[in-house]
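Take these sequences, add in the hints, and give me the full structure.
Chains as they are written, first to last, in the numbering used here: chain A, 262 to 483; chain B, 200 to 487.
Think of the hints as simulated: they come from the structure by calculation, not from any bench.
Be aware that one or more of the hints could be misleading.
Heads up, simulated DSS-like pairs for lysine-lysine below, C-alpha to C-alpha not over 25 angstroms straight-line [as the list claims (entries may be wrong)]:
#: 1; chain 1: A; residue 1: K340; chain 2: B; residue 2: K216
#: 2; chain 1: B; residue 1: K225; chain 2: A; residue 2: K263
#: 3; chain 1: B; residue 1: K259; chain 2: A; residue 2: K317
#: 4; chain 1: A; residue 1: K340; chain 2: B; residue 2: K259
#: 5; chain 1: B; residue 1: K331; chain 2: B; residue 2: K217
#: 6; chain 1: A; residue 1: K440; chain 2: A; residue 2: K263
#: 7; chain 1: A; residue 1: K263; chain 2: B; residue 2: K205
#: 8; chain 1: B; residue 1: K273; chain 2: B; residue 2: K258
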Amino acid sequence: MKEYGIFDILGPIMIGPSSSHTAGAAKLGKTSEEIYGDDFDKVDFYLHGSFAKTYKGHGTDKALVAGILGMEPSSEKLKDSFIIAKEKGIEFNFYETDLGYEHPNTVKIVFHKDNKRDFYIIGSSIGGGSILITDINGNKVELTGESPTLILEYPDKKGVISKVGTILAYNNINIANMKVSRFDKNATMIVETDNFMDKKILDEISAGEEIIYGNIINPVRR
Amino acid sequence: MFNNGKELLKLCKEQNKKIYEIVILKECSSSNISGEELKNEMKKILNIMISSSSSGLNKKINSISGLTGGYAKKVEEYKNAGKTICGDTIISAMARALSTSEVNASMGQIVAAPTAGASGILPGAIITVKEKFNLKEEDMINGLFTAAGIGEIIAKNATISGAYGGCQAECGTASAMAGAGIVEMLGGTPQQCLNAASFSLINVMGLVCDPIAGLVEFPCIIRNASGVINALLSADLSLSGVDCIVPFDEVVDAMYKVGRELPTSLKETALGGLAATPTGEELKRRLL
Numbered sequence: 262m263k264e265y266g267i268f269d270i271l272g273p274i275m276i277g278p279s280s281s282h283t284a285g286a287a288k289l290g291k292t293s294e295e296i297y298g299d300d301f302d303k304v305d306f307y308l309h310g311s312f313a314k315t316y317k318g319h320g321t322d323k324a325l326v327a328g329i330l331g332m333e334p335s336s337e338k339l340k341d342s343f344i345i346a347k348e349k350g351i352e353f354n355f356y357e358t359d360l361g362y363e364h365p366n367t368v369k370i371v372f373h374k375d376n377k378r379d380f381y382i383i384g385s386s387i388g389g390g391s392i393l394i395t396d397i398n399g400n401k402v403e404l405t406g407e408s409p410t411l412i413l414e415y416p417d418k419k420g421v422i423s424k425v426g427t428i429l430a431y432n433n434i435n436i437a438n439m440k441v442s443r444f445d446k447n448a449t450m451i452v453e454t455d456n457f458m459d460k461k462i463l464d465e466i467s468a469g470e471e472i473i474y475g476n477i478i479n480p481v482r483r
Numbered sequence: 200m201f202n203n204g205k206e207l208l209k210l211c212k213e214q215n216k217k218i219y220e221i222v223i224l225k226e227c228s229s230s231n232i233s234g235e236e237l238k239n240e241m242k243k244i245l246n247i248m249i250s251s252s253s254s255g256l257n258k259k260i261n262s263i264s265g266l267t268g269g270y271a272k273k274v275e276e277y278k279n280a281g282k283t284i285c286g287d288t289i290i291s292a293m294a295r296a297l298s299t300s301e302v303n304a305s306m307g308q309i310v311a312a313p314t315a316g317a318s319g320i321l322p323g324a325i326i327t328v329k330e331k332f333n334l335k336e337e338d339m340i341n342g343l344f345t346a347a348g349i350g351e352i353i354a355k356n357a358t359i360s361g362a363y364g365g366c367q368a369e370c371g372t373a374s375a376m377a378g379a380g381i382v383e384m385l386g387g388t389p390q391q392c393l394n395a396a397s398f399s400l401i402n403v404m405g406l407v408c409d410p411i412a413g414l415v416e417f418p419c420i421i422r423n424a425s426g427v428i429n430a431l432l433s434a435d436l437s438l439s440g441v442d443c444i445v446p447f448d449e450v451v452d453a454m455y456k457v458g459r460e461l462p463t464s465l466k467e468t469a470l471g472g473l474a475a476t477p478t479g480e481e482l483k484r485r486l487l
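In structure tokens:
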């Protein structure tokens, strides 16, 4: 049996009309922006399943754009996200597609920036406003955005897991979940923890290592 | 601390406490948040509920799809004209439930309770009862904690998702939460809270989820109106002393089994029920 807290039942505080199609979409956008950063001038959204079929009527499109602008699912500015994005000079497009994924509410978000490699994230809205990020640039991951999360992509070699574990323990951080996967010769590590992580932890881990991508996401707790 | 209604009642009895007190104790111990912080958080939720359930009463709120809108205002004006069949209390509750549902459909701010689609029911019930009996804010907060406890039990032992259990799992659960919450506000016993929750679930057992074009609008908004009345009548039934022969936990279990037995076409897929009527199909073509 899954454990629920009272604010899982009375909540989230959100912008309607649908926790999965609107709140979950905003969270997918926001979590993606936290993973990638805010340095982009164009974003493409590939909508799959129910997202593709009903996105206009549910405001999924506005919620996704609000998310990549950094808005929370409860932000009352969410429905003005198109205008805000245009003011910031950010171009966005929506495509209805078949991503071949099982979950009906899935989106592929591709960030573009001149002179940088395209960066993409695939995630699903799995109900009640909860999300699961499943793919970052081809690396299979499982990331919920509920807990503080460390993401590392690095050339695969021995000893990195042990080093990360040691540094986290030294910083008094308890690991809740850890997943490591490999794509080509690179490994991607997702570590969800019980404690807030300072960005300096990333510096400690990066010292003397070749890190292709590294980030720490600390979700806002209400 | 408690996983079902039976365990909740046992705790209330052993510690001589109300349901909301047990719910607060449980949440404090599982989340490491103080009772004071929990109450502040609940106050924030209450304020959003108050706002969403009133903003549609005096101005027409349209959904983003354009399919629905303005129902709350119509019902409020109808009430003010003084010729309703059901009387002011029921019509007020209905108007408030419609208001929150319309705010939701217009991309306004609401509290999912337990879902966005059923978000009108709980605010409509607790605010109407507070007004009618001139209760305090604290009473509404206590009612919300009790409602949350009931919702938690249903989520844990059955489902609160229309996609898994049909509308009975969403609006039915919202009514059960609201029924228990208002019985709490009016000083009912823990058993009476559970009876009200049981009656609410029983009244809509088997209710399908068949949204036109898959949008959280029609019939969802209408079912929020009937859902709040379901909560009020279930609370009245319970407070009058009528006992629920089948225990709450068995009712929840029955709802879950019915939900699983419902065909997929009637669980939020927009393939059956109202969504599959000629009009439903036509609207789907036009809107999507």
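Going down the list of hints, with the structure as the test:
1. A:K340 <-> B:K216: Given pair K340 (chain A), K216 (chain B) is violated - Cα atoms ~44 angstroms apart, limit 25 angstroms.
2. B:K225 <-> A:K263: Roughly 15 angstroms between the alpha carbons, so the hint for K225 (chain B) and K263 (chain A) holds.
3. B:K259 <-> A:K317: At roughly 21 angstroms apart (the allowed maximum being 25 angstroms), K317 (chain A) and K259 (chain B) satisfy the hint.
4. A:K340 <-> B:K259: holds, 18 angstroms
5. B:K331 <-> B:K217: holds, 22 angstroms
6. A:K440 <-> A:K263: Roughly 21 angstroms separates the two Cα atoms, so the pair holds.
7. A:K263 <-> B:K205: It holds: about 18 angstroms lies between the C-alpha atoms, which stays within 25 angstroms.
8. B:K273 <-> B:K258: Distance ~10 angstroms between K273 (chain B) and K258 (chain B) Cα, so the pair holds.
Against the hints set out earlier in the document, a violation occurs for number 1 only.
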